[in-house]
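So the sequence lines, in the order shown, correspond to chains A and B.
Every position in the first sequence, counted from 1, becomes a number in our numbering once 707 is added.
Every position in the second sequence, counted from 1, becomes a number in our numbering once 5 is added.
There could be a bad hint or two in this list.
To be verified - Anything over 10 Å on all C-beta distances counts as not near chain B; from chain A, calculated:
no., residue
1, L891
2, P1067
3, G1114
Stated by the list, open to error - Some chain B residues close to chain A (C-beta under 7 Å, calculated; not the full set):
no., residue
4, M6
5, G47
6, G103
7, D129
8, Y142
Treat the hints as calculated values from the structure; they're not laboratory data.
For each residue, glycine too, the CB sits at the ideal point set by N, CA and C.
Spelled out, the chains give:
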Amino acid sequence: MKRTENQMTLERRSFLKVSLLAGGTLMFGLAEREADAQGRGGPPQAPPVPGNYLRVAANGAVTIVAKNPEVGQGIKTMLPMLIAEELDVDWKNVKVEQADFNPAKYSAQSAGGSTATPTNWEPMRQVGAAARAMFVTAAAQTWGVPETQCTTASGRVISGAKSLGYGELTAKVATLPVPAFADLKLKDPATYKIIGHTQKQIDVPEILTGKPVFTIDVKLPGMQYAVFERCPVLGGKVASANLDEIKKMPGIKNAFVVDRPELTAISGRPGDLVSGVAILGETWWHAQKARQALKVVWNEGPNATGSSTAFKQRADELSKQPPMSTSRKDGDYDTAIKGAAKVVEAAYSYPFISHAPLEPQTATASFKDGKIEIWTDSQQPGQGRGSVAQTLGLQQDDVTLHMTRGGGGFGRRLTNDYMVEAAWIAKEAGVPVKLLWSREDDMEHDFYRPGGYQYLKAGVDSAGKVVAWRNHFVGYAEGTTPVTGTIGATEFPQKFVPNYELHVSTMPLGLRTGALRAPGSNAIAFVIHSFLDELAHEAGRDPVQFRMDLLNSEQPSAPAAAGGRGGGAFGGGFNAERVKGVLQLVAEKSNWGKTTLPKGTGMGVAFHFSHQGYFAEVVQASVDSAKKVKVQKVWVAADVGMQIINPGAAENIVQGGIIDGLGSAMSQKITIEKGRVEQTNFHQHAMLRLAQSPPEIQVHFLTSNNRPTGLGEPSLPPILPALANAIFAASGVRVRSLPLMDSGFSWA
Amino acid sequence: MAFKLNVNGHVSTVDAPADMPLLWVLRDMLDMRGTKYGCGIGQCGACTVHLAGQPVRACLTPVSAVKDQPITTVEGLSADGTHPVQLAWLEIDVPQCGYCQAGQMMSAAALLAKTPHPTDKDIDTAMTGNLCRCGTYTRIRAAVHKASEMAIAGTPKNVASVGGQ
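Just chain A, with the same shape it has in the complex (with noise of 0.2 Å):
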């Protein structure tokens, strides 16, 4: 295989540690050299410690480590099947244990950017192949043969008639020289045994015996349970509050206000803490049952204006006005749009949505001798484990996270704001505190995927080629930097439209907002490909070739096109080729174009590329005359690289992204109203249902001869314009302003 710049980097800053524990247990571990580690910038980290991947026992039982978060992507699953498989063991033998946060040991670990697969395929594989290698050296040795002559099967080193399991070699392979990665010969993709067939999820017989694997589900001795009421606005902070009635209530244990101004100051960027009431109880129900009666007074800060109605005037002003930026400038827009034979104009818009992963935000924390402990789901461990010391004034190394398994994260646990509260919390309180949102506290207090506003205007040629295209985004900022979610410069169909033009207007926004599934991409996809619809529509091309017309017309002398969120980390940016392989394999597999369908019922197809996902879609869907839509059937193609690694799991999370693109094209939206959140609960915040779930969703991967890269995102951002387009083509109602609902749409 050809060695890519990322493995290289590898092997230049790693070495794998082996060392011998007592019994004749093995530890492996890829660490990082110290020296590296400390050279990379950032706060000093501690010397690297033998890392442990990989325990190897005496009697042959084999413990592989999963180092990430685990929300429900599957990557506890995952990650060890790449070392099992290059380690050449049963995976029925094998037991996976989940990894504390410990970036000595086990460098990044997170969950965010569908970057795990990109980012370990190589490592993992070689944490496996070299302790291997030093299987065979150790029993080719024993023996006295050649390495040559020697195999490895099921945890075996076999040599003819002979055979020794890994475990009885493990006091001889502790005194060998560990192998340089470079030297390592990884397996050939056609002899897998574990990679690229399905294994089930490491943790389903304890869900589904309902044993206490969630992060919700810790318990530590002596613990209360809290509740932590914040401002309805963001950046309020208490002014008084009636803590002594509400302590003498039944099956309270404490109360008290939270607040340190030089922290709250800055509430809002991910970590803060922001100020709030405490309550602490002997279950968290008695703590939650107390905020009824709970009466603060708020000093409500300058973010008590924001409305959403505002913002829409304010959007369709700057709309109006010249922008405030412009990111990108192409050809000659203004003299192309004049020469078009047909030309479209468009106001785009899409809400604020938020989260909810099902499990609410939940974190249980013990201080003791000014260290504390924390169970933790959060996406991103180490940004948490910095604001928990910042906020508590410890020391990084006084914060010890373990990493309990998250029920959903989608990006809402990439912040650390509720572990910070824990801590807190545990620390005032002086006992262990398990603190739990409830689904209000979720919905109202989120970062939230942001709204926006797209103002678009394109034209065809006469032969149905788009010659002009112009977008104006109007966002939004806090002080000047533009939220998350802001489009790029180099966004689909930049470089493929010879006179673009991209703008960009930002109005000031008093709410959190950030990364939720594909960011960006979730939003800006139903624009663009929605758009691309009515420019088909209008130029009367069908709308699978006329998006392949465009991709055939790669605008030569224009940079490299990025051409949608999470590229060119891991082997390149928008790929045309790639795109228009699983747009063909989708219009295939969806007999698109050849299906005769009956009236009120149609196809829409679109495309995206996030996360070095491309994914093409097409959606059948019939629409009534009282706008009930039903989704009868979704195809999905799909290129992610040479390899899908767990084919079951991978089936799996792209049809839940084409779950999740559907409940929130229909029916999620955030408003809000004197800077508050106007929606609670899910009754006003929907997902889609069972009922309402397309009765077939077909998965099909098309593999190329790229890096496998991940599935958590890719899948979600084309399914919201594919529905978009199939609604029009069913009932000849183009929507251009999600979310559905609010053009009178409904499901069947």
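Got chain A; can you put chain B on it based on the hints?
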């Protein structure tokens, strides 16, 4: 107030306020944490348990309303994880995050007890009160059908287990 509760065949006495939801009695008093909190208003179904065989939302069921009705939670679906619903969920590998699945299985078990051969329509009706934020509905549908097949083809023990909830 003292309440005597029969949970999964074991009788316990708890001292709880009369309006305390069964969900929190189970989780924070009886240490049975398999039943999950998702919304507190009966919207998500993560807290579904059986009360005298009927699926109910434990977040909306005051402990005082239980009286002498037996309670079954996910921990009591079977002694050893062999209820057909559990076996089917395992075989289909339904969960992603898994947080909703206890509630999903309790709704499915109640459906199968009443309707051993459910149609897709029956499944839609019985299961649509259970949200899955990860979107595993395709597999949930398949797993309910699978559990139905397993229960019918299964050992007498499994059949009894389905019928007995």
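Now the hints, each set against the structure:
1. L891: The claim stands: A:L891 keeps its Cβ more than 10 Å from every Cβ of chain B (closest is about 32 Å).
2. P1067: violated (7 Å)
3. G1114: A:G1114 is in fact no farther than 10 Å from some Cβ atom of chain B, at 3 Å.
4. M6: With Cβ-Cβ at 11 Å, over 7 Å, it is violated.
5. G47: violated (9 Å)
6. G103: holds (4 Å)
7. D129: holds (4 Å)
8. Y142: holds (4 Å)
Going through the hint list in order, the structure does not satisfy hints 2, 3, 4 and 5.
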